[in-house]
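Engineer: Listed below are the residues making up each chain.
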Amino acid sequence: MYVAVKGGEAAIEKAHRLLADRRRGDRSVPALSLEQVAGQLSLAVDRVMAEGSLYDPDLAAMAVRQSRGDLIEAIFLIRAYRTTLPRFGATRPVETAAMRIERRVSATYKDIPGGQLLGPTFDYTHRLIDPDMAGDHPVAPGALREMAGDAAYPRVTDILNDEGLIEPDVASDVEPGDLTRDPTGFPAGRDLRLQALARGDEGFLLSLGYSTQRGYGRTHPFVGEVRIGLVDLEIDLPELGFAVNIGAIRVTECQMVSQFKGGGENGPRFTRGYGLVFGQSERKAMAMSLVDRALRADEFDENRVAPAQDEEFVLSHCDNVEATGFVEHLKLPHYVDFQAELDLLRMLRREHAAKTTAETDRQEAAE
Amino acid sequence: MTLPTYNFAYLDEQTKRMIRRAILKGIAIPGYQVPFASREMPMPYGWGTGGVQVTAAILGPDDVLKVIDQGADDTTNAVSIRAFFAKTANVATTTKTADATIIQTRHRIPEERLQAHQTLVFQVPIPEPLRFLEPRETETRVMHGLEEYGLVHVKLYEDIAQHGHIATTYAYPVKVEDRYVMDPSPIPKFDNPKLGRSPALQLFGAGREKRIYALPPFTEVASLDFEDHPFTVQRFSRPCALCNATGVYMDEVVTDDRGGRMFVCSDTDHCETRQADGHRGPGLPQLGPHAASDRESAR
Numbered sequence: 002m003y004v005a006v007k008g009g010e011a012a013i014e015k016a017h018r019l020l021a022d023r024r025r026g027d028r029s030v031p032a033l034s035l036e037q038v039a040g041q042l043s044l045a046v047d048r049v050m051a052e053g054s055l056y057d058p059d060l061a062a063m064a065v066r067q068s069r070g071d072l073i074e075a076i077f078l079i080r081a082y083r084t085t086l087p088r089f090g091a092t093r094p095v096e097t098a099a100m101r102i103e104r105r106v107s108a109t110y111k112d113i114p115g116g117q118l119l120g121p122t123f124d125y126t127h128r129l130i131d132p133d134m135a136g137d138h139p140v141a142p143g144a145l146r147e148m149a150g151d152a153a154y155p156r157v158t159d160i161l162n163d164e165g166l167i168e169p170d171v172a173s174d175v176e177p178g179d180l181t182r183d184p185t186g187f188p189a190g191r192d193l194r195l196q197a198l199a200r201g202d203e204g205f206l207l208s209l210g211y212s213t214q215r216g217y218g219r220t221h222p223f224v225g226e227v228r229i230g231l232v233d234l235e236i237d238l239p240e241l242g243f244a245v246n247i248g249a250i251r252v253t254e255c256q257m258v259s260q261f262k263g264g265g266e267n268g269p270r271f272t273r274g275y276g277l278v279f280g281q282s283e284r285k286a287m288a289m290s291l292v293d294r295a296l297r298a299d300e301f302d303e304n305r306v307a308p309a310q311d312e313e314f315v316l317s318h319c320d321n322v323e324a325t326g327f328v329e330h331l332k333l334p335h336y337v338d339f340q341a342e343l344d345l346l347r348m349l350r351r352e353h354a355a356k357t358t359a360e361t362d363r364q365e366a367a368e
Numbered sequence: 654m655t656l657p658t659y660n661f662a663y664l665d666e667q668t669k670r671m672i673r674r675a676i677l678k679g680i681a682i683p684g685y686q687v688p689f690a691s692r693e694m695p696m697p698y699g700w701g702t703g704g705v706q707v708t709a710a711i712l713g714p715d716d717v718l719k720v721i722d723q724g725a726d727d728t729t730n731a732v733s734i735r736a737f738f739a740k741t742a743n744v745a746t747t748t749k750t751a752d753a754t755i756i757q758t759r760h761r762i763p764e765e766r767l768q769a770h771q772t773l774v775f776q777v778p779i780p781e782p783l784r785f786l787e788p789r790e791t792e793t794r795v796m797h798g799l800e801e802y803g804l805v806h807v808k809l810y811e812d813i814a815q816h817g818h819i820a821t822t823y824a825y826p827v828k829v830e831d832r833y834v835m836d837p838s839p840i841p842k843f844d845n846p847k848l849g850r851s852p853a854l855q856l857f858g859a860g861r862e863k864r865i866y867a868l869p870p871f872t873e874v875a876s877l878d879f880e881d882h883p884f885t886v887q888r889f890s891r892p893c894a895l896c897n898a899t900g901v902y903m904d905e906v907v908t909d910d911r912g913g914r915m916f917v918c919s920d921t922d923h924c925e926t927r928q929a930d931g932h933r934g935p936g937l938p939q940l941g942p943h944a945a946s947d948r949e950s951a952r
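If you're matching them up, the sequences are chains A and B in order.
Under this note's numbering, the first residue of the first sequence carries the number 2, and numbering increases by one thereafter.
Under this note's numbering, the first residue of the second sequence carries the number 654, and numbering increases by one thereafter.
To be clear, the hints were calculated from the coordinates, so they are not data collected in a lab.
Hints may contain errors.
To be verified - Which bits of chain B does chain A cover? Going by a derived footprint, with three or more residues having C-beta under 8 Å, they are:
1) 749–755
2) 814–821
3) 874–885
Stated by the list, open to error - Some chain B residues close to chain A (C-beta under 8 Å, calculated; not the full set):
4) T791
5) P852
6) S919
To be verified - Reference excerpt, derived from the structure (chain A facing chain B, CB under 7 Å, subset only):
7) L238
8) D344
9) L345
Backbone N, C-alpha and C define an ideal beta-carbon position, used for all residues, glycine too.
The task is simple: from the sequences and hints, build the whole structure.
Structural biologist: Next comes the structure, spelled out in structure tokens:
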């Protein structure tokens with residue numbers, strides 16, 4: 002006796018209750034505090050802020066906890082909240098030359114004004130699992146270099162630009178587009194591309210950037226500079242007539258010095274790829290700068306032959322919240338459409354069988 | 654730290670106005686895909702975010718909402734979307750097609766003919782009917798602009814050449830008012846005839862692809878075909894095992910692992926209403942002295 006499938010509502014309720022149970026885990030172990038997540042899993046929090054495109058470490062830490070450490074799920078939570086927030090203004094362009102540097106490396110010059118600064122990096126660690134990580138051992142405080150009062154950290158690209166060796170970064174008065182507020186059309190333009198890349202999936206951009214290094218849209222990149230640190234945010238208040246500081250955020254910036262282009266009135270010079278990401282994420286900023294440069298193929302009359310150079314391909318597929326939703330929606334019921342396919346396939350097979358039988362009969366008759 | 658709060662039907666009023674403008678444009682140009690600034694919703698892309706945004710934009714406090722997925726009100730995603738609006742908009746919900754003012758659907762059109770005061774909101778995964786023939790949006794928009802639809806007919810023709818039949822069984826392309834070729838969303842082609850000349854307003858929302866389109870009431874909608882291969886819909890040889898209905902779309906239910914199958918209405922409200930009216934299908938215990946033999950003969 003067939004009983005209609007009922008009880009979706011009860012099943013969902015029970016499933017979510019079980020989810021909450023599994024999320025909390027062993028009750029004899031203290032629950033994670035947001036301070037622990039934000040303080041000790043800060044790179045996970047940074048990634049959630051970057052791809053969630055909302056700078057709020059507390060909320061991001063809550064999202065990481067709520068998602069049981071599934072970062073794309075956490076990004077999704079942040080996005081769904083962000084979209085409800087009113088937009089009351091835009092900051093002035095962030096001045097990364099005035100960044101309070103925590104880390105800064107250049108691959109193009111041995112020494113640069115302000116110096117190279119390794120900062121809190123995994124680079125040059127030996128990837129051996131540290132037995133201390135099994136317990137809570139005392140950790141010595143970091144030794145910080147004295148900051149000179151007026152220390153300046155000019156960007157490597159500005160140094161190159163002084164000599165005319167690289168294309169200039171031209172200031173624009175045009176308000177940049179916002180793909181979360183306007184429907185995207187193609188060609189999208191560099192402002193929207195950079196926005197999409199800054200929100201884009203780290204893994205997807207990493208692989209695309211990697212593909213350019215392996216010849217699929219090669220750009221001959223050098224890391225002019227990667228810098229991580231705090232930058233001030235300023236906003237113009239029309240009532241006051243001047244800009245006020247509304248706080249500081251930590252960002253990672255990568256300036257990729259890329260394939261030079263010749264000719265024209267300016268002579269040959271290097272081109273730029275740019276990456277800027279919330280928080281500390283060198284991998285993402287570097288990959289972004291590779292893909293940004295690859296996507297500028299048209300500007301430099303390069304043939305668009307590789308996926309990383311294809312704006313519509315990259316922008317349509319770099320968002321992990323879109324991608325995960327559509328891939329995972331395949332688990333939703335599709336039985337209406339599947340029934341339609343079954344119906345057609347059975348008919349085609351009947352016809353095929355009838356035809357085969359008819360042919361066999363004909364052959365036998367001929368023999 | 655301030656904790657999150659949300660507006661009526663989740664979306665803020667500015668966003669709803671933006672969506673309503675897109676809907677109005679869609680109604681003004683039937684079958685044309687209007688780009689809109691789709692928002693990120695608290696459910697995943699591909700799970701009805703377009704339909705949810707359209708519903709949120711048109712929903713008022715007095716509306717009565719029905720949500721179906723695969724024709725059924727109690728499939729988990731339909732339950733989830735209905736609960737979302739019950740929570741964020743506090744609107745009345747129903748499973749009765751006749752009682753609803755707004756019906757959000759995935760993959761089906763209800764069997765019962767819709768009325769003028771009703772709006773049907775479709776969830777659309779891929780709004781572009783040309784997408785699998787031409788992946789680039791920049792190209793397909795031009796093709797629509799120039800009414801260049803030869804490629805679709807070539808595809809349908811190739812189906813016939815290869816299989817003897819048009820091999821599209823759902824998301825079957827239609828032409829609207831003899832102008833735009835439109836994807837009706839992945840409804841079975843069985844439902845296509847209900848699209849045309851419907852007294853109800855039909856709205857289509859694709860969240861991830863950021864498109865809205867519409868069929869105003871009494872729009873002409875033609876399923877693409879050829880004179881010598883006219884459009885046909887699926888037919889089921891057996892009546893519904895529960896309500897004895899014929900001429901409806903069915904779910905095939907696997908009853909055992911020895912080839913046992915039964916066919917029941919995909920539209921659960923239609924089926925339940927008929928059962929309440931006294932219709933009994935061969936799969937139910939029969940009343941009267943010949944019950945057993947009736948059931949046998951129905952097999």
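Engineer: If you count the residues of the segment 874–885 of chain B with a beta-carbon closer than 8 Å to a beta-carbon of chain A, do you get 3 or more?
Structural biologist: violated (count 0)
Engineer: At a Cβ distance under 8 Å, does chain A reach at least three residues of the segment 814–821 of chain B?
Structural biologist: With 4 residues in contact (Cβ-Cβ under 8 Å with chain A), the coverage given for the segment 814–821 of chain B holds.
Engineer: Grab the minimum C-beta distance from P852(B) to chain A and call the hint holds if it beats 8 Å, violated otherwise.
Structural biologist: With a minimum Cβ separation of about 24 Å from chain A (threshold 8 Å), the hint on P852(B) is violated.
Engineer: Taking the closest Cβ pair, is D344(A) under 7 Å from chain B?
Structural biologist: Holds - the Cβ of D344(A) comes within 7 Å of chain B, reaching about 5 Å at its closest.
Engineer: Using 8 Å as the Cβ threshold, decide whether T791(B) counts as touching chain A.
Structural biologist: holds, 5 Å
Engineer: Against chain A, with CB atoms and a cut of 8 Å, does the hint on S919(B) hold up?
Structural biologist: holds, 6 Å
Engineer: Is the shortest C-beta separation between L345(A) and chain B less than 7 Å?
Structural biologist: holds, 5 Å
Engineer: For the hint on L238(A), just tell me whether its beta-carbon gets within less than 7 Å of chain B.
Structural biologist: violated, 22 Å
Engineer: Are at least 3 residues of the segment 749–755 of chain B within less than 8 Å of chain A when you compare beta carbons?
Structural biologist: That given contact is violated, which follows from only 0 residues of the segment 749–755 of chain B lying within Cβ reach (below 8 Å) of chain A.
Consistency note: the structure conflicts with the earlier hints numbered 1, 3, 5 and 7.
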